[in-house]
Structures are given as C-alpha cells and as structure tokens.
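Asker: Chains as they are written, first to last, in the numbering used here: chain A, 1 to 205; chain B, 1 to 194.
Be aware that a few hints might be false.
[What the hints assert, rightly or not] As a list, the in silico DSSO-like pairs of lysine-lysine whose alpha-carbon atoms are at most 30 Å apart:
no. : chain 1 : residue 1 : chain 2 : residue 2
1   : A       : Lys114    : A       : Lys149
2   : B       : Lys42     : A       : Lys184
3   : A       : Lys192    : A       : Lys149
4   : A       : Lys149    : A       : Lys184
5   : B       : Lys49     : A       : Lys196
6   : A       : Lys149    : B       : Lys49
7   : A       : Lys184    : B       : Lys49
8   : A       : Lys196    : A       : Lys184
9   : A       : Lys184    : A       : Lys114
10  : A       : Lys192    : B       : Lys42
11  : A       : Lys192    : B       : Lys49
12  : A       : Lys196    : A       : Lys149
13  : A       : Lys149    : B       : Lys42
14  : B       : Lys42     : A       : Lys196
FYI, nobody ran anything at the bench for these hints, they're computed from the structure.
No experiment lies behind these values; they were computed from the predicted model shown.
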Amino acid sequence: MNRPLRSNDIPLGIPCSVTSLREEANSVNQLEISLIRAIVQEDRGAMAQLYDIYYPRLQRFLVGIIQDRELVAELINDVMMVVWQKAAGFRMQSLVSSWIFGIAYRRAMDGIRKDQRYRTVLNEVPRQTPTDSSLNESITARDLNVFMKVLTPEQLAVAQLTFEFGYSYPEIAQILQIPVNTVKTRMFHARKSMQKAYGLGVTDK
Amino acid sequence: MSSHEEVLEFLPWFVNGTLNEREQSMVNDHLQGCRECNEEVKVLLETSKLFHASPEPSPDLFGQARSEFLQQLQGRRERRANWARRWMIPATMAACLVVAVLIVSPVSRQEESFGTLGNSASSSGHVIQLVFQPDTPEKSIRSLVLGDQGHIISGPTAQGVYRLELPLDKDPQWVLERLRNHPDVQFAELEASP
Ligand SMILES: [Zn+2]
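Bound conformation, chain B alone:
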C-alpha cells in the first residue's frame, strides 16, 4: 500500500511536520528500509533551510505603502457616498468617464467565496448598472469585457453608464459586492427587478 512513490510525495510535509498521524507513521515505517527516501529527506531539509534563510524584506516601501493604505481606508466611505449622490443626479456626471465592464472571473469568484458560507441561491436575469474609474486603461477594459460572467446589454450612456446582465446562476448580491470593491469601479447598483 505505502509505495515508495506515495511516500516520496509526502516527504515535503513530513519535513515541515504537518502530516496527519496515519501519514506520518506510514512515512516513518517506509523510512526504516528505504535509502533513497532518507536521502530525499536530507535534501528537503536543506531546501527548507534555504527558504528560511530568505532575507527579511527591507522596510523601505513599508512606511509609504502603509500611509497610502490608511489614507485610502479613511477616504473609502466618503468617496462611495459622493458617487452615490452623483448617481442620483446623472446630469452632473462627468461625461469624460471611461467606462468598462468588470470581469467577474471564476477565479475571482472563488476568492470571495473562500472562507465563507455558501452563496445564496441563484437568481435570474438581474441587471447591474456600472460606472468605472476614469483612469481604467483600455486594454483592461477589453479584457474585462471578454469575461463571460455577464454581458453588456446597453451603454455606455453619455454619463458613462453600462448595463450588465448577469447569467442565471449568478448571485446578484455577490456580484454587486465584488464590483463595488473593485478598484476600477466607481459605482455599481442593481436595477429593480422587473
């Protein structure tokens, strides 16, 4: 059962001490009689040492990044509120806004559902209205539009609003959250259901 190949695969996690009891004793038993696996353990210990020897990163960028982050954190809520107000008065919206549709890739979806309970049940035909940051580069717009997680049914309007229809299996609240939190998105709101 505990073939040489199987044990060989386990060895990195034998070395880092994270195998479960059953796996651990299987490896221990095999090591009693396998020279090659013993050699491999030594090599992996060396490898492990190497990764631990990786230098601590220099703090040069830390201070700057940190203060930028905290500023961003402070400004977050106010900016969201401002955009919501502008949305209520579309005529005041800057006509020069560059608009895109955010990709909601399968990978990104996984990211957000990770560590959370299951998403709520799927819904059908929801439409989200979107406005994007003025500095969203065109090529990222293009790649965003290529995403198959929804499709544009109209837009952009003169105010730079796109309407994005979601596939049936998408949870609109989830997509909305995702959009609102994307750095390129200025505004995202669900249209009232028909």
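Chain A on its own, in the form it takes in the complex:
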C-alpha cells in the first residue's frame, strides 16, 4: 500500500480536472448573469450567446439520459425557450448553470415519462449486462457508453453532474430537487453498478 492519498494529490491524476472545470464555471457565472439580465430585457443577441454556451454542455448531459441526438436537440431548444421566458424569475440564488441544468433534467425526465418517442429510444438501447470478459479491463472512453447503459437515467445524471460537470452534492440536490441523502444513495448505487461492470472498487458488503 502506498502512502494515503491527500486531497492535494487528486487533481494531478486527472488530465482535465473537475476542479478546474468548476472554477471555470464559477468565473463564467458572472458573464452568464449579465446575459440573463439582458435576456430579461428581451435581448435576442444575449439569448443567442447563452444558447451557444449551453448547447454543447446540455448536449453532453442529455445524450446520456436520452441517447438520441435529434430528440436531444429538440429538448435543448425546449429548455432554452423556458430560459428565455423565465429569465425574469431567476433570482440569482443559484448558479445560472444549476438553474438551466435543473430545467433540462426535469424536461428530460418528463419526456421519458410522457413522450412515447423517448421510451422507444430507451427501449431500443439494451441495458448492458456485466460479463466476465469485461472484468478488470482498463476503462476507456468508449466504456462510457457501457456506463450509460448500466445506470438508470437518474443515477447517470448524478454521476455526470459529479464527475463530468464538477458539482457538489448539495448543488446536485438543488439541481435535481431531491434530498441530499437521495443524491448520495443514487451515487452509491451508480458506483456499485459501474464497478460491478468492471470488477472494480467497492465490494458488496
């Protein structure tokens, strides 16, 4: 066993660390707030700017949950239209990004519940069953697809918001509008599923 890890060691192992993404997110929040203020004044140019900032991020987030690019594009437009209409109601009590991700998540889950097309798409993608041959293989980028299939949409959202977008668990609770303990529970099950698929990490005790 090596020396215990200290928190200072952590970012070194990550090429593009979540920590740096998070700092970036905090610094762009000011810009985004000024865009929101302009949008309240019905500034369409500001809306286009915000759209350009959020389209790629929402696409990365939603493709995991919805898994169909065309539906995702449609959903993003839906989300951004809500932003346009609701900007005046945003009270800056959270990050702009938390607000927008929250809208996106609820729209996506609404879609899964109510829209036949979403269900069809999800049904067409078989959930992955872990196999012996996958044990102990090193994890590569394409395996993210496997993760997406062993996780429920709710679990995947928690995992993405943590690992990919760098949110704290209280922020995730706010975005998903669930108790913090539910965030932890979903994460715990997500970790078990992902790690079982690869024979890694926490044991089932």
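Place chain B with the ligand on chain A using the hints.
Answerer: Then chain B with the ligand, alone, in the frame of chain A:
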C-alpha cells in the same frame, strides 16, 4: 463519528474537490488509516477520467437546432399577439382545434419555482380558459387531463375552449405563466374573479 461508511459516501465529491472544509478534513483523516477507501479513491479517479474522456458532441445538429431556435424566438411574440386577437373574436377561431388541458405536474411546478423567490399566496377557485395547439397528440392530451392539478369544469366549446378550475392552493398567475409557455398551449387566460 466519521465512520468508514460515511466517508465512503463522500468520496466522489472528495475526488471532484467540492466537499466543505469539515468534510474534507474528515475524509483526509480517515484516509490515513483506511486501505479500502484509498483504493476507492483510485477507482473514482479512473471513473472521473472516463467521464471527462466522453467525446465532444458532433456539431452536425447544432446549426440546424440553433437556427430553428432563433426563428422560434423571433416568431414568439407575434404569434402570441395573433392568438390574443383571435380570442377576442371567437367566431373566427378554427373549429378544428384540438384541445387539451395541460398537466401542471408537481415536478413542473418545482421546475419553475427553482431559483425564484416564493410564489405569491394561494388563491381560491380560479378558472383558466385554454386553447391548445392543433397538433397536440391525443395521448398526451389524455395524460395531461389525468394531472391532478386542476379539473375541467367545461369544454371544449365549438371554438375549442376548455375551462380549467384550479385547486385552492394554486397560484393562478403561476399556472397561467406555465400554461402560456407550454409548447402545446395556444392561448391561456384567467377568467375574471367572481
Ligand atoms: Zn474507509
């Protein structure tokens, strides 16, 4: 206090650097003596790397979606105004409108109140008149009607108007906003209070 299980739960946010100071030092202390948690940190770092390695989405759909969005944005106000005018002259309304009642689900309500100050005080027995988009599919109408956030007291009229009565605890202005912004809703207006 800082049990192994508790620390284990915190580790994903230890790895992403978002724990508060107290939690962070608790985890650090525990890591000094727990082999399993150290192993878990390594696994989570791998997991984190994986999520970061997720490919950037291809831009193919972006341009199309963007121009559709901007068009929609441009047309938004005019279309709303048109519908308001038609409402004033019900006889001109297309009789073929398909009409539904929008679900105002608890989830949706949360969505809109998120990041906003509290809604204004509840009110009683408000009625909203509604006209929906002609292409609203029947099954979504059905699921909308199944929502328990209000109930239909009359309609549809020949002009396709439904009247929706709200529960006592609903803020009518909020519901109205919500309805007006729903893509399936052509028109929503509060009836004058009795
Ligand atoms: Zn431990």
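Asker: Looking back at the hints listed earlier, which ones does the structure fail to meet?
Answerer: Hints that this structure does not satisfy do not exist here, as all of them hold.
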